[in-house]
Structures are given as structure tokens and as C-alpha cells.
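Residue numbers (my numbering), protein chains in the order written: chain A, 1 to 111; chain B, 1 to 116.
Check the hints yourself; a few may be wrong.
[Claimed, not checked] For the chain B half of the interface with chain A, some residues (derived, Cβ under 8 Å), not all of them:
#1 S43
#2 L44
#3 L46
#4 T49
#5 Y105
#6 G108
#7 G110
#8 R112
Simulated from the structure, these hints should not be mistaken for laboratory data.
Just so you know, even glycine gets a beta-carbon here, dropped at the ideal spot from N, CA and C.
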Amino acid sequence: QKEVEQDPGPLSVPEGAIVSLNCTYSNSAFQYFMWYRQYSRKGPELLMYTYSSGNKEDGRFTAQVDKSSKYISLFIRDSQPSDSATYLCAMDNNQGGKLIFGQGTELSVKP
Amino acid sequence: GAVVSQHPSWVICKSGTSVKIECRSLDFQATTMFWYRQFPKQSLMLMATSNEGSKATYEQGVEKDKFLINHASLTLSTLTVTSAHPEDSSFYICSARIESEIYGYTFGSGTRLTVV
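Whole structure, please, built from the sequences with the hints as guidance.
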């Protein structure tokens with residue numbers, strides 16, 4: 001079993017839709033949870049991060065962490081064609097700085 | 001914000017030759033650098049972690065003699081793919097740890113290596 005599992009997609013939605021991206025994990029030592037956006041042939045860029053359980057909102061993006069269920073989500077409201085990218089969840093157990101990434105979900109927002 | 005500049009962005013080389021990829025931290029000191037490999041439509045797989053002035057720590061299954069990592073200064077880390085073969089063709093990405101931030105990881109823009 002992989003430490004982090006992410007719905008592979010691909011996911012195609014119309015412009016304006018609400019998008020839900022999810023990851024599950026098995027290692028209860030993970031404390032920091034991140035979402036990265038990666039455009040084709042580019043390095044990942046950090047979208048949001050959260051520590052432990054709870055919600056965090058930043059504009060159209062909301063990140064949720066449920067440590068009891070070992071489940072994290074990223075919601076994108078009013079999705080735009082420019083949101084079309086691969087979204088990667090990543091986690092850190094704060095020991096040595098290694099990030100463990102999910103497989104990535106490819107999102108396409110159609111105008 | 002902190003930026004890592006990665007070069008080249010793409011490279012094509014002949015089988016059996018070596019290729020060097022550089023990552024420079026432009027406005028901060030990168031004590032720790034991570035090197036990842038990414039195959040199409042797959043996630044980033046950590047290859048090795050390097051700390052300035054010491055030997056890199058390689059992940060299980062990564063050949064140390066094939067993927068040489070040098071982190072001789074706080075602003076430069078290099079990955080050299082030696083005796084490259086077509087199966088080494090991949091997208092290589094570096095990432096630096098920003099010590100002053102809780103979550104400080106910044107990524108380079110990646111290098112697409114094609115071995116022919």
C-alpha cells in the first residue's frame with residue numbers, strides 16, 4: 001500500500017464548477033499537508049498548506065484535513081480554465097524534510 | 001519569494017554520455033536540496049537528499065554511481081546523470097528547503113532529459 005493515495009483522474013469539469021480533489025494516507029505521523037499545482041513540463045508550485053486537522057481558505061481554494069480519517073481535500077470554487085493543471089497532494093512528517101507526494105490528479109476546466 | 005533556478009530546462013543527449021543539471025538558490029541559502037524524478041503522468045519520486053558539504057543520502061533503489069549529486073555550496077547543487085541510457089529519460093526536479101519558513105519547500109522548474 002502506498003503511503004499516499006490520490007484519485008488519479010483525469011477530471012474534466014465545466015468552467016464555474018466546484019472541484020473536489022482528495023488524498024488518503026496511511027502514516028499517522030504526517031503532520032503537514034500541502035497541495036501543489038503543476039503545469040505541464042514545469043515544477044510544482046505550492047497552493048496551500050495546513051498543519052494537523054482543520055480547514056484553511058485562500059480565495060477560491062479551501063483545504064481540509066481530517067486526521068482521524070487520514071483524508072485531505074482541496075476544493076476549488078468557481079473553477080477557471082487557468083486552473084487546468086495537475087494537482088498533487090504532499091505530506092511531511094517533520095522528520096528530515098522529506099515530502100511524500102500523491103500520484104497527482106489531472107484537472108481540465110472547459111470554457 | 002525564494003526562487004530556485006534550474007538549468008537546463010531540457011536536454012537531449014546520446015546514450016552513454018553524461019549530463020549535468022544545476023539548481024541554484026537565487027536569494028537564499030539552501031542547506032538542504034532534494035532531487036526528484038517524475039515520469040509522465042506520475043508523481044514525484046524522491047531520488048536523494050543532499051546537505052551542503054556532505055554526501056547525499058539516496059533513496060532505496062537509486063544508483064549512487066549513476067546519479068551523482070554535488071552540493072558544494074549553499075547556493076548550488078548539481079545532479080549528474082552518468083552513462084545515460086534511454087530508460088533514464090525523465091523529468092528531473094530539484095527542491096530546496098527554506099529553513100526560515102515552516103513549510104518552506106521551493107521547486108525548480110524541472111529538466112526534461114531525453115536520452116537517444
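Task: Those earlier numbered hints the structure runs against, lowest number first - done: none
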